[in-house]
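Asks: Work out the full structure: start from the sequences and follow the hints.
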Amino acid sequence: MDFSLNEEQQLIVETTRRFVQSEILPLEDHLDPDAGSLDPTDQDRLIAMTKSMGFYGLDIPEEYGGPGLNTTTRALMAIEMSQHRAGLYNPCYGVFGGAGLAQLYEATDDQKERWLYPTLRGEKKGCFALTEPSGGSDPARAIQTRGIKDGGEWVLSGSKLYISGADKADYALIFARTSDDPGRNGVTAFIVDTDTPGFHVRRVVHTLRATHYATELQFDEMRVPEENILGEVNGGFAIANDRLSRQRIPYAAGCIGPAIRAQEMSIDWAKNRETFGSPLAEKQAIQWMVVDNEIDIRHARYCVLEAAQKADSGERFRTEAAMAKLVATEASSRVIDRCIQIHGGIGVTKDLPLERWYRELRIRRVGEGPSEVQRLIMARDILGGSFK
Amino acid sequence: MGIRLEKAWMDLNSETIASLPAQLGVYHVADSQGTVLSVGYAGARHLFGIRTALEEELQLHGDEATKFRFEFTANYRSRWDELLMLHLYDHGQLPTHQQAEQSRIGRLSPN
Numbered sequence: 000m001d002f003s004l005n006e007e008q009q010l011i012v013e014t015t016r017r018f019v020q021s022e023i024l025p026l027e028d029h030l031d032p033d034a035g036s037l038d039p040t041d042q043d044r045l046i047a048m049t050k051s052m053g054f055y056g057l058d059i060p061e062e063y064g065g066p067g068l069n070t071t072t073r074a075l076m077a078i079e080m081s082q083h084r085a086g087l088y089n090p091c092y093g094v095f096g097g098a099g100l101a102q103l104y105e106a107t108d109d110q111k112e113r114w115l116y117p118t119l120r121g122e123k124k125g126c127f128a129l130t131e132p133s134g135g136s137d138p139a140r141a142i143q144t145r146g147i148k149d150g151g152e153w154v155l156s157g158s159k160l161y162i163s164g165a166d167k168a169d170y171a172l173i174f175a176r177t178s179d180d181p182g183r184n185g186v187t188a189f190i191v192d193t194d195t196p197g198f199h200v201r202r203v204v205h206t207l208r209a210t211h212y213a214t215e216l217q218f219d220e221m222r223v224p225e226e227n228i229l230g231e232v233n234g235g236f237a238i239a240n241d242r243l244s245r246q247r248i249p250y251a252a253g254c255i256g257p258a259i260r261a262q263e264m265s266i267d268w269a270k271n272r273e274t275f276g277s278p279l280a281e282k283q284a285i286q287w288m289v290v291d292n293e294i295d296i297r298h299a300r301y302c303v304l305e306a307a308q309k310a311d312s313g314e315r316f317r318t319e320a321a322m323a324k325l326v327a328t329e330a331s332s333r334v335i336d337r338c339i340q341i342h343g344g345i346g347v348t349k350d351l352p353l354e355r356w357y358r359e360l361r362i363r364r365v366g367e368g369p370s371e372v373q374r375l376i377m378a379r380d381i382l383g384g385s386f387k
Numbered sequence: 126m127g128i129r130l131e132k133a134w135m136d137l138n139s140e141t142i143a144s145l146p147a148q149l150g151v152y153h154v155a156d157s158q159g160t161v162l163s164v165g166y167a168g169a170r171h172l173f174g175i176r177t178a179l180e181e182e183l184q185l186h187g188d189e190a191t192k193f194r195f196e197f198t199a200n201y202r203s204r205w206d207e208l209l210m211l212h213l214y215d216h217g218q219l220p221t222h223q224q225a226e227q228s229r230i231g232r233l234s235p236n
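Chains as they are written, first to last, in the working numbering: chain E, 0 to 387; chain P, 126 to 236.
These are computed hints drawn from the structure, not numbers from a lab.
Keep in mind that the hints are not guaranteed to be accurate.
As the list claims (entries may be wrong) - Derived BS3-like pairs (lysine-lysine); straight-line CA-CA distance at most 30 Å:
1) Lys349/E / Lys132/P
2) Lys167/E / Lys50/E
3) Lys167/E / Lys124/E
4) Lys167/E / Lys132/P
5) Lys270/E / Lys282/E
6) Lys167/E / Lys349/E
Replies: Here you go:
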């Protein structure tokens, strides 16, 4: 497999790198170390820049006005866009735009008019409400939120947990059990406006991400029109599986950026910091950590690019995407851990971004399917059967 | 766990502030009637944590600010947002000088 970049990809990577270095890093120097957003004036200015560069709305499909990047180029950009303090979860503070909920591209024309297009225009925000207190790794079986049909409406009751952005969302994509089937064939996806009576954001759930929180939702006999169902009744879980696997690739790529930046910082530090009469870089213990970092970074990068290339060529890529997610999150976590060790005391302070990456990367090994679920996906494919 | 900041009020003056550890956290500053004037946080950019943040509040509000209560937390950003949302839910609006935050924060219905 050829991982060399073509001319266009090289140009995009270099442009993105320059953007991060010249536009993001100087602003970040003046922000709180846990900041998750820019000053609105800076935000607007940088969005205007990315629009003029033709890079706004990176994940929007070309037929909806996106730039039409393939998965490999998108992954390469993700690696570059995440090379700053907030980069893991807020790459470039969102100035490259979002795509909204990928599942909405499967919506009806009427649903697209009501939710997708306003989202793409920046007029509405959505949130994805799948996980419940009963579990998240096996949501098809864990979902206990009930949807009961009542005339031309459905009545939803239940709760959701660890939902990002629900307190600021205009609508939510809510998965509810609508039949007696205990598995994925009994789940329906509903698009629900958050001002619907019965929709409550009950509390904030604080996490290792100090700037970001999840929320807990409660639905009290919330009445939802039939036309708000996304896809088929009892077919909600099958929606956009391909898109979910594809999203796993840039998610993995985004973990590599902080590892690369941390490695660069550590190399500089090791060359300049002296102990016992010589630079750290001359100590074998440090050399081996730097080498192990390089192995982890390259391994993760190869896995991500292999998955991306398979996705772009139309080949089956579910195993490769799962492997990329697993390897990138775990390898980058090890890299940051070693970089903190190389830096010593300053490595755990908020003077450097290492401590933030360390905390946030720990979540990446759980979010979007934990490492164990990625292994399960790979095992199913490798062994050729579905385990019960 | 209660989600509101309901610690005991303390007198807001330089002596009390100097007695606090230089930690990160969140706080309320209020007038003598208990009306909250600021929902704030002491972050990593405050040189001496909550001490510096409260000194800034004294400068901002002058004699009007007479008391404060605080909570130490490393999650000062998300806890601050939570307290702002709770204040909005309880009072219908944020303290006067913080109303610009209203367009940024979300909404809770905690009860």
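Asks: Next step is simple, just say for each hint if it's right about the structure.
Replies: Quick rundown of the hints versus the structure:
1. For a cut-off of 30 Å, the pair hint linking Lys349/E to Lys132/P stands: about 27 Å separates their Cα positions.
2. A C-alpha spacing of about 24 Å is found between Lys167/E and Lys50/E, which places the hinted pair at or below 30 Å, so the restraint holds.
3. Between the alpha carbons of Lys167/E and Lys124/E the distance comes to roughly 7 Å, so the proposed pair stays at or under 30 Å and holds.
4. As the CA atoms of Lys167/E and Lys132/P are separated by approximately 28 Å, the hinted pair is consistent with the 30 Å bound.
5. Our distance criterion of 30 Å between C-alpha atoms is met by Lys270/E and Lys282/E, whose separation comes to about 10 Å.
6. The hinted pair formed by Lys167/E and Lys349/E meets the criterion: a straight-line CA distance of about 28 Å does not exceed 30 Å.
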